[in-house]
Amino acid sequence: MSKKEKKPRSDVLYFAWRNWKLRLGLSVVLFFVVLAVVGPRITRYEPWAYIGRPRQPPSAQHWMGTTIFGQDIFSQFVHGLYPVFLVGVLGGGLATFLGTLIGFVAGYRGGATDETLNTLTNIVLVIPTVAILLIIVAYVKLRSYFIQAVFIGLTAWPWTARAVRAQTMSLRSREFVDLARISGMSPLRIIATEIAPNMMSYLVMVLILQFGGAILTGTSLDFFGLGPVTGISLGMMMNLALSWGALPLGMWWWFVPPGLALALIVGALYITNVGLDEVFNPKLREK
Amino acid sequence: MRYIRKRLLIYILTFFFAVTLDWAILRFMPGDPVQAMLSRAGVIAAQAMEALRGYFIRAFGLDLPLWQQYVNFWRALFKGDFGVSVYLFPKPVSQVLLEAVPYTVALLVPAILLSWLVGNKFGAFAARRKILDSTLLPVGYFLTATPYMWLGLLMAWGLGIALRWFPSGGAYGFGIMPEASLRFALSLVRHWFLPFLSLFLVMFGGWAIGMRNMIIYELEADYSQYLESLGVPRKLIRKYAFRNAMLPQITGLALQLGVIAAGAIATEVAFSYPGIGLLLFQAIQNQDYFLVQGCFLFIIFGVLLGNLLVDIICLVVDPRIRRGTVSE
Numbered sequence: 022m023s024k025k026e027k028k029p030r031s032d033v034l035y036f037a038w039r040n041w042k043l044r045l046g047l048s049v050v051l052f053f054v055v056l057a058v059v060g061p062r063i064t065r066y067e068p069w070a071y072i073g074r075p076r077q078p079p080s081a082q083h084w085m086g087t088t089i090f091g092q093d094i095f096s097q098f099v100h101g102l103y104p105v106f107l108v109g110v111l112g113g114g115l116a117t118f119l120g121t122l123i124g125f126v127a128g129y130r131g132g133a134t135d136e137t138l139n140t141l142t143n144i145v146l147v148i149p150t151v152a153i154l155l156i157i158v159a160y161v162k163l164r165s166y167f168i169q170a171v172f173i174g175l176t177a178w179p180w181t182a183r184a185v186r187a188q189t190m191s192l193r194s195r196e197f198v199d200l201a202r203i204s205g206m207s208p209l210r211i212i213a214t215e216i217a218p219n220m221m222s223y224l225v226m227v228l229i230l231q232f233g234g235a236i237l238t239g240t241s242l243d244f245f246g247l248g249p250v251t252g253i254s255l256g257m258m259m260n261l262a263l264s265w266g267a268l269p270l271g272m273w274w275w276f277v278p279p280g281l282a283l284a285l286i287v288g289a290l291y292i293t294n295v296g297l298d299e300v301f302n303p304k305l306r307e308k
Numbered sequence: 003m004r005y006i007r008k009r010l011l012i013y014i015l016t017f018f019f020a021v022t023l024d025w026a027i028l029r030f031m032p033g034d035p036v037q038a039m040l041s042r043a044g045v046i047a048a049q050a051m052e053a054l055r056g057y058f059i060r061a062f063g064l065d066l067p068l069w070q071q072y073v074n075f076w077r078a079l080f081k082g083d084f085g086v087s088v089y090l091f092p093k094p095v096s097q098v099l100l101e102a103v104p105y106t107v108a109l110l111v112p113a114i115l116l117s118w119l120v121g122n123k124f125g126a127f128a129a130r131r132k133i134l135d136s137t138l139l140p141v142g143y144f145l146t147a148t149p150y151m152w153l154g155l156l157m158a159w160g161l162g163i164a165l166r167w168f169p170s171g172g173a174y175g176f177g178i179m180p181e182a183s184l185r186f187a188l189s190l191v192r193h194w195f196l197p198f199l200s201l202f203l204v205m206f207g208g209w210a211i212g213m214r215n216m217i218i219y220e221l222e223a224d225y226s227q228y229l230e231s232l233g234v235p236r237k238l239i240r241k242y243a244f245r246n247a248m249l250p251q252i253t254g255l256a257l258q259l260g261v262i263a264a265g266a267i268a269t270e271v272a273f274s275y276p277g278i279g280l281l282l283f284q285a286i287q288n289q290d291y292f293l294v295q296g297c298f299l300f301i302i303f304g305v306l307l308g309n310l311l312v313d314i315i316c317l318v319v320d321p322r323i324r325r326g327t328v329s330e
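Chains A and B are the protein sequences, given in the same order.
Per the numbering used here, the very first residue in the first sequence carries number 22; after that it's consecutive.
Per the numbering used here, the very first residue in the second sequence carries number 3; after that it's consecutive.
Hints may contain errors.
To be verified - 16 Å max Cα-Cα, derived EDC-like pairs, lysine to aspartate or glutamate:
# : chain 1 : residue 1 : chain 2 : residue 2
1 : A       : K304      : B       : E52
2 : B       : K132      : B       : E101
3 : B       : K8        : A       : D135
4 : A       : K304      : B       : E220
5 : A       : K304      : B       : D320
6 : B       : K8        : A       : E136
Said to hold, decoys possible - Listed below are several chain A residues computed to face chain B (Cβ distance under 10 Å; list not exhaustive):
#  : residue
7  : G73
8  : Q77
9  : M272
10 : P279
No lab work stands behind these hints: they were computed from the structure.
Yeah, the Cβ is synthetic: ideal placement off N, Cα and C, and Gly gets one too.
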């Protein structure tokens with residue numbers, strides 16, 4: 022490895038580029054991001070408009086066929102990708118932020134603060150997230166995917182808080198943190214400049230996992246018919262397909278694309294994660 | 003048994019929180035739940051409507067002070083009184099739930115246990131074995147990323163409707179009444195298989211991948227390297243790695259229970275398999291709030307019970323927890 026003399030940052034980039042898992046995962050995710058952005062512009066149909074004969078299989082005119090009402094499925098599909106990424110970024114991001122914050126505070130402060138936060142974390146951890154969201158959303162109707170994302174973020178943080186807390190606790194007693202404390206740094210700065218940088222690679226991976234988790238949770242809610250009434254999502258497409266008898270009618274083109282896209286996006290995120298793990302942790306690289 | 007006491011306290015607090023939420027959300031939600039339920043159940047004659055309204059007001063005790071309503075809610079709960087279902091009027095919610103529970107249990111328990119056992123074995127076996135590893139990685143991640151309802155829909159359509167190998171929905175054939183006969187039992191098993199398989203596959207992917215990653219971590223740990231330098235057979239090192247990787251997978255099972263519960267709901271809906279999940283789905287669709295409340299509490303209770311079981315297993319398996327050398 023002759024590139025060793027370069028700066029460490031480009032070293033990471035070098036291994037990142039050499040890692041096929043990272044390349045594969047990111048390409049798949051990027052493909053769907055591009056599709057979500059470009060798709061609505063290249064399709065000629067409105068997602069809800071009745072534009073053709075109903076129940077047509079995929080053809081040159083309707084790339085993914087039409088629904089039982091004669092709506093263009095490709096158009097619904099590309100419009101349905103948008104909430105996937107919105108909920109993923111926002112819900113996953115919020116969950117990561119909350120989890121990290123609570124983990125840092127609990128792990129660094131210790132004592133009664135830790136006891137309280139840890140109990141809270143454990144309670145939210147054992148409550149089945151989707152069940153809680155189901156019951157809340159069943160009463161308080163969601164108005165937008167933004168609100169859905171916030172709800173998901175508010176319930177998905179506990180495992181992150183727990184992991185970050187454990188890591189913070191082990192870092193807290195290291196010498197360099199002691200030194201920072203003796204030199205009079207404020208706890209906030211110690212967390213931000215001494216502890217957080219040591220966990221950066223881990224936090225990136227947490228964000229990716231939360232991203233994927235938020236997508237799957239949002240899809241479940243939409244599938245149960247509890248998504249926002251306006252707009253369209255992949256989960257909602259599967260709900261409509263099931264309720265309007267796509268199964269007995271053999272209209273596989275109605276429910277295969279949305280689920281396949283979700284599995285590919287989330288699977289690609291997970292594989293990206295393994296790739297990143299190998300980049301950050303040389304021991305894990307394939308031999 | 004400090005450990006168990008601490009965990010029990012968490013579960014009790016959680017249950018308390020869930021019941022309170024269950025109680026509060028119906029009372030503080032915007033709009034009039036009684037009216038919403040009555041208009042939903044619009045098919046019933048005007049006379050029955052009045053009786054229902056009266057029943058709801060009394061059941062909610064909406065004329066009582068709030069604290070009294072809250073105490074009454076708990077009291078009814080301990081008596082197993084969840085109210086009356088509107089959607090399946092006039093069946094009591096508790097009876098509806100009890101009829102659905104066996105299906106959910108029969109689906110979930112084998113799916114969870116088998117996927118966990120087989121997934122872990124397979125993941126451990128595949129780790130660091132060139133060909134197997136590079137197949138397991140994409141396939142496993144794809145499986146675990148698959149939305150439960152999608153795999154359900156896919157199987158119901160592919161193996162059920164297109165190939166006609168299995169029935170695509172329900173718990174038993176249309177022409178059969180529940181009875182203690184071989185024909186009925188066979189019908190049950192045939193209807194049970196696809197939902198079971200689709201749950202099993204998604205979970206299997208997760209466990210296999212998790213185990214594979216754990217084993218690789220363990221094989222790189224200092225003790226493994228040390229054993230290797232001593233010339234200990236590779237097989238023995240893998241055995242130690244496996245035992246060490248087991249523990250996080252057991253606690254992982256507890257962490258996954260919530261996700262699994264959600265997956266079970268989605269799977270039951272996809273196959274219209276009459277368990278608690280399908281019931282909850284129908285209750286939501288029909289705005290049957292008593293039934294929603296009941297299903298929610300049953301799910302919470304099931305997940306808490308599962309957590310407790312995992313805790314007990316941890317206690318048996320891990321001597322460090324028994325001696326109290328690790329906290330929680």
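Results of checking the hints against the structure:
Distance check on the hinted pair: K304 of chain A and E52 of chain B sit about 72 Å apart at the alpha-carbon level, beyond 16 Å; violated. For the given pair, K132 of chain B sits about 49 Å from E101 of chain B by alpha-carbon distance, which is inconsistent with the 16 Å threshold. About 15 Å separates the Cα atoms of K8 of chain B and D135 of chain A, which keeps this hinted pair within 16 Å; it holds. Among the hinted pairs, K304 of chain A with E220 of chain B is consistent with the structure: their alpha-carbon atoms are about 11 Å apart, no more than 16 Å.
At most 16 Å may separate the alpha-carbon atoms for a hinted pair to count; K304 of chain A and D320 of chain B exceed this at roughly 27 Å. The straight-line distance between the Cα atoms of K8 of chain B and E136 of chain A is roughly 12 Å, inside the 16 Å bound, and the hint therefore holds. With 10 Å as the threshold, the beta carbon of G73 of chain A stays out of range of chain B, its nearest partner Cβ sitting at about 23 Å, so the hint is violated. Restraint check, Q77 of chain A versus chain B: the minimum CB separation of about 18 Å is more than 10 Å; hint violated.
A hinted interface residue such as M272 of chain A counts as satisfied when its beta carbon comes closer than 10 Å to some beta carbon of chain B; here the least separation is about 9 Å, so the hint holds. Because the smallest distance between the Cβ of P279 of chain A and any Cβ of chain B comes to about 7 Å, under 10 Å, the interface hint for this residue holds.
Consistency note: the structure conflicts with the earlier hints numbered 1, 2, 5, 7, 8.
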